[in-house]
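Please build the complete structure, drawing on both the sequences and the hints.
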Amino acid sequence: DQQVKQNSPSLSVQEGRISILNCDYTNSMFDYFLWYKKYPAEGPTFLISISSIKDKNEDGRFTVFLNKSAKHLSLHIVPSQPGDSAVYFCAATRSGNTGKLIFGQGTTLQVKP
Amino acid sequence: NAGVTQTPKFQVLKTGQSMTLQCAQDMNHNSMYWYRQDPGMGLRLIYYSASEGTTDKGEVPNGYNVSRLNKREFSLRLESAAPSQTSVYFCASGRQGIRETQYFGPGTRLLVL
Numbered sequence: 501d502q503q504v505k506q507n508s509p510s511l512s513v514q515e516g517r518i519s520i521l522n523c524d525y526t527n528s529m530f531d532y533f534l535w536y537k538k539y540p541a542e543g544p545t546f547l548i549s550i551s552s553i554k555d556k557n558e559d560g561r562f563t564v565f566l567n568k569s570a571k572h573l574s575l576h577i578v579p580s581q582p583g584d585s586a587v588y589f590c591a592a593t594r595s596g597n598t599g600k601l602i603f604g605q606g607t608t609l610q611v612k613p
Numbered sequence: 033n034a035g036v037t038q039t040p041k042f043q044v045l046k047t048g049q050s051m052t053l054q055c056a057q058d059m060n061h062n063s064m065y066w067y068r069q070d071p072g073m074g075l076r077l078i079y080y081s082a083s084e085g086t087t088d089k090g091e092v093p094n095g096y097n098v099s100r101l102n103k104r105e106f107s108l109r110l111e112s113a114a115p116s117q118t119s120v121y122f123c124a125s126g127r128q129g130i131r132e133t134q135y136f137g138p139g140t141r142l143l144v145l
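Heads up: the protein sequence lines correspond to chains U and S, in order.
FYI, in the numbering used here the residues of the first sequence are 501 to 613.
FYI, in the numbering used here the residues of the second sequence are 33 to 145.
Because the hints were derived from the structure by calculation, they are not lab data.
Zero decoy hints are in this set.
As a list, the in silico SDA-like pairs of lysine to any residue whose alpha-carbon atoms are at most 20 Å apart:
id : chain 1 : residue 1 : chain 2 : residue 2
1  : U       : K600      : S       : G90
2  : U       : K600      : S       : N94
3  : U       : K600      : S       : M59
4  : S       : K89       : U       : Q502
5  : U       : K537      : S       : P138
6  : U       : K505      : S       : D70
7  : U       : K600      : S       : K103
8  : U       : K612      : U       : V513
9  : U       : K600      : S       : T86
10 : U       : K612      : U       : D584
11 : U       : K537      : S       : R76
12 : U       : K600      : U       : Q503
13 : U       : K600      : S       : A56
Okay, here's the thing in structure tokens:
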């Protein structure tokens, strides 16, 4: 039972364009969502997060949108750069869960020069 | 500041052999976690430790044991390795709390023959 799903295994975009990575969840108890970025042979690194009391959070080129009614979040990268090429994982957790994260399967983003 | 360190980086085991994966963090974090990453499955939580002296099961604990040796160190033991435990193992640490960001180590790649 996959509570967090990333249905697109891969995405390819041109440098300078927008990258949109999507994530769906099934557990309505989740109230905090995170995106992690992972390069080959490295551990995941935190990118951006959003609380369920918000519907948008921005950090530089990265914006995360949350649609609670649809149980859907998305990560927008504008403009995309070749260095953004990596695997992106979304993760979810809920209050009182001792920080336990449920991860999606990951989406591999390739940004072409 | 080394962050989260893991040893070894790579290990080959035969079925039935045992081994311990080591993890240490120097960020004075209370919580520590062990995940495994498999193709198409994202990261799945094996065990976690909310604070020194406590451990608890995650999503996929079978076949593993853990020890929170002190605040810095959290080890993962495979008593009798099986081919299904071939995976990449990540250790992470973080402060407790809902907005906790987890910091990951570089991973241990384990192959069980």
